[in-house]
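Asker: Single-letter residue listing:
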Amino acid sequence: MTKTRIFLLIFFTLYLAVIVKLFFIQILNPRGSDTAYLTTRKIYPERGKIFDRNGLPLVVNKTSFLLYAEPKKIPDHEYFINKIDSVLHIGESTLEAKLDKTKDWVSLKTNLSEDIKEKILDLKLPGVGFTDGFQRYYPESSLSAHLLGFVGKNTRGEDLGYFGIEGYYNKDLVGLPGILKSDRDLLGKPILMGTQQKLNPENGRDLYLTIDKSIQEIAKSKLREGLEIYDAKEGCIIIANPQTLEVLALVCLPDFDQERYFTFSEEFFKDPAISNLYEPGSTFKPLIMAAALEEKSIKADDFYNEKGPVKIGEYTIKTWNDKYEGRISMSRIIEKSSNVGMVHIGQKLGNIKLYTYLKKFGFDQITGIDLQGEVTDKLRPRSNWYPIDYATVSFGQGIAITPVQMVMAFSSLINGGKLLKPYIVQQINSPGEEKFIKSEMLGTPISEKTSDYIKKMLLSAVENGELKWAKPKGYKIGGKTGTAQIPIKGHYDPSKTVASFIGFAPVDNPKFLALVILREPQSSPWGSETAAPLFFEIAKELLVYYNIAPD
Amino acid sequence: MTSINKFLFWILGVALILTNVYVFIHSINSSNKINFYEQQIKTLHTENIKLENKVFGLDSLRYAASMAAKLNFNQEAQPVFLDNLIYARSQ
Numbered sequence: 001m002t003k004t005r006i007f008l009l010i011f012f013t014l015y016l017a018v019i020v021k022l023f024f025i026q027i028l029n030p031r032g033s034d035t036a037y038l039t040t041r042k043i044y045p046e047r048g049k050i051f052d053r054n055g056l057p058l059v060v061n062k063t064s065f066l067l068y069a070e071p072k073k074i075p076d077h078e079y080f081i082n083k084i085d086s087v088l089h090i091g092e093s094t095l096e097a098k099l100d101k102t103k104d105w106v107s108l109k110t111n112l113s114e115d116i117k118e119k120i121l122d123l124k125l126p127g128v129g130f131t132d133g134f135q136r137y138y139p140e141s142s143l144s145a146h147l148l149g150f151v152g153k154n155t156r157g158e159d160l161g162y163f164g165i166e167g168y169y170n171k172d173l174v175g176l177p178g179i180l181k182s183d184r185d186l187l188g189k190p191i192l193m194g195t196q197q198k199l200n201p202e203n204g205r206d207l208y209l210t211i212d213k214s215i216q217e218i219a220k221s222k223l224r225e226g227l228e229i230y231d232a233k234e235g236c237i238i239i240a241n242p243q244t245l246e247v248l249a250l251v252c253l254p255d256f257d258q259e260r261y262f263t264f265s266e267e268f269f270k271d272p273a274i275s276n277l278y279e280p281g282s283t284f285k286p287l288i289m290a291a292a293l294e295e296k297s298i299k300a301d302d303f304y305n306e307k308g309p310v311k312i313g314e315y316t317i318k319t320w321n322d323k324y325e326g327r328i329s330m331s332r333i334i335e336k337s338s339n340v341g342m343v344h345i346g347q348k349l350g351n352i353k354l355y356t357y358l359k360k361f362g363f364d365q366i367t368g369i370d371l372q373g374e375v376t377d378k379l380r381p382r383s384n385w386y387p388i389d390y391a392t393v394s395f396g397q398g399i400a401i402t403p404v405q406m407v408m409a410f411s412s413l414i415n416g417g418k419l420l421k422p423y424i425v426q427q428i429n430s431p432g433e434e435k436f437i438k439s440e441m442l443g444t445p446i447s448e449k450t451s452d453y454i455k456k457m458l459l460s461a462v463e464n465g466e467l468k469w470a471k472p473k474g475y476k477i478g479g480k481t482g483t484a485q486i487p488i489k490g491h492y493d494p495s496k497t498v499a500s501f502i503g504f505a506p507v508d509n510p511k512f513l514a515l516v517i518l519r520e521p522q523s524s525p526w527g528s529e530t531a532a533p534l535f536f537e538i539a540k541e542l543l544v545y546y547n548i549a550p551d
Numbered sequence: 001m002t003s004i005n006k007f008l009f010w011i012l013g014v015a016l017i018l019t020n021v022y023v024f025i026h027s028i029n030s031s032n033k034i035n036f037y038e039q040q041i042k043t044l045h046t047e048n049i050k051l052e053n054k055v056f057g058l059d060s061l062r063y064a065a066s067m068a069a070k071l072n073f074n075q076e077a078q079p080v081f082l083d084n085l086i087y088a089r090s091q
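So the protein lines, in turn, are chains H and U.
When we follow the working numbering, the leftmost residue of the first sequence carries the number 1, and every step to the right adds one.
When we follow the working numbering, the leftmost residue of the second sequence carries the number 1, and every step to the right adds one.
Derived from the structure by calculation, the hints contain no laboratory data.
Note that beta-carbon positions come from the ideal geometry of N, C-alpha and C, so glycine has one too.
Just so you know, not all the hints are guaranteed correct.
[Unchecked claim] In silico BS3-like pairs for lysine-lysine, Cα to Cα no more than 30 Å straight-line:
| hint | chain 1 | residue 1 | chain 2 | residue 2 |
| --- | --- | --- | --- | --- |
| 1 | U | 42 | H | 153 |
| 2 | H | 318 | H | 296 |
| 3 | H | 456 | H | 473 |
| 4 | U | 50 | H | 181 |
| 5 | U | 42 | H | 189 |
| 6 | H | 119 | U | 54 |
| 7 | H | 496 | H | 468 |
| 8 | U | 50 | H | 198 |
[Stated by the list, open to error] Chain H stretches covered by chain U per the calculated footprint, using a threshold of three residues with CB under 8 Å from any CB of chain U:
| hint | segment |
| --- | --- |
| 9 | 131-145 |
| 10 | 207-218 |
Chain U extracted, bound-state conformation:
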């Protein structure tokens, strides 16, 4: 009986130690994960705002005006044939 009790106490002791170590390591890992995901959320949120603003910028009238000026897509690009009929008359 005494040897059984001894054995059980040892088992219990080792089990408690191992459980303690496991919980400690697991909590550190969980903290690391929480920290990682917190940073990820922050990064994604910042990235999201950046992309959203990029879309707003590309969708803006200001950008359209700058592209129109760059591509010379303005009233001057309208056909002038109606004002100047030499092309029609040359037929």
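Excised from the complex, chain H in its bound form:
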């Protein structure tokens, strides 16, 4: 055998050995290829976006970065902390606490913008890196802070929605992460002959709301003006379509900045429209009137003799101005907001039926609106009710409800008697699937005939009310004022009131219903002088927005 042949034989033998070994590694025992070159990377999904009813964005995502450090690769920790803090400004002691020298990887800060990332990269520090992620971006700033809620973190550092839509629909919005398993070389480039497995992430579902961004803007700007003019502590406005109970706008002030929610205390996060209870006062009267008409305890053309104050046990009930007009119609009771008249109506209806109607109108349970944080004040059992309780509830005191419960119940008075569930999300979109959410009927507390009577009474209340408001000319607008004293430690404080007005237009075929609530207005305690004018300012804008022609 020549030297060449020996050399060739050795070469072929070695080559054969390599082929056999590769055969064993890749074909017979593929799991053995999970070497140190295999990198597993989580692919974070994009959180679902939230749009208004016209497809305009309310919440979208923007890229953000998580800054991490590898403490074991940092030669000079003090220098590192000093340099990083010159950019981040979170405090050197905070950074020192995070930089655990025993750990391989620590997270320093999340939700960093690209500018901050560039500044840190310019420092050229060893042991530092970034991972990509997403952060919420609100094109309209805090226009709908309470409505939308915000996205924070859970105990595992994962995104979690809190309050409002973000909280209620968190499971739909969060999506599912993907995974990428790839053999990479030392430079991070893929090794083609190795493992390449990818499971695509499933992005969160997009939500389309019933909210109209323009109406939300109208409501918020008017509420802001109203709080300033009437010097009120807080306020809420809810605007809905009474035929379907789609919520068109929901705003409460004071609110918070969703992008910097962590700088606000927790008391700002609760949405007063669904989480705060208030005594509705005279805005409750049409509900009791409707119940009495429905039960035929009274007729629309009946009269009541308003002689003077009424005694219930040791309590005396008077009208708000202590003036009595003698023989008045049922409609006049609503027009002048007569408490004694309503006590009479309540007594004609009867205690059992009055209590039943409170439940029929939905005051004994939450409305089920799709916002996180809704509460209710369950009605006390009838056995705990005293005669004075039945008397006061007939004019809206001694009962605590949420603003959204008021909107739900009042809508049934003006839409032909249908008690509908209020809702905010009308469509949920995922790739290849669209889910539509429709109006849901909960009951029919009153008939269409009773609804017509009540609408006429509410129109009359606006036309012939005690105060002449700056109403838009040529339009039929119905509504009711409310002024309720605030109970403090079992007693009513006469100087503190919740002023409200609930109204709708046009009366014949209501396109919108709006509830305005102002808490502790200082300029005047009366709803007729604070909440009512604010309602009419909003109504003017809505009549133009909806192109509603005068009657």
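Use these hints to put chain U onto chain H, whose structure you have.
Answerer: Coordinates of chain U only, in the frame set by chain H:
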């Protein structure tokens, strides 16, 4: 015959080596391309999101309000002639 066999073995050997080298270089180039396109996709996706958000911002009511205030396009800019008829009367 022997010389033909020798020659064929050499050719085969060289061909195998060259093929091996070619596949190796090609796989490195492909990895580079994959890496490059992965980075490109990521960059384009980030750029896309940035531009989309810029459009949303420009389309927002907040931006419109700020531009209206900047250009003084508000109710105060409405003509006052109807409230003050001296211009009409001066004819």
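Asker: Work down the list of hints and note, for each, if the structure agrees.
Answerer: Here is what the structure says about each hint:
no.: 1; hint: U:42 <-> H:153; result: holds (25 Å)
no.: 2; hint: H:318 <-> H:296; result: holds (26 Å)
no.: 3; hint: H:456 <-> H:473; result: holds (18 Å)
no.: 4; hint: U:50 <-> H:181; result: holds (28 Å)
no.: 5; hint: U:42 <-> H:189; result: holds (15 Å)
no.: 6; hint: H:119 <-> U:54; result: holds (22 Å)
no.: 7; hint: H:496 <-> H:468; result: holds (24 Å)
no.: 8; hint: U:50 <-> H:198; result: holds (26 Å)
no.: 9; hint: 131-145; result: holds (count 6)
no.: 10; hint: 207-218; result: holds (count 3)
The structure shown violates none of the earlier numbered hints.
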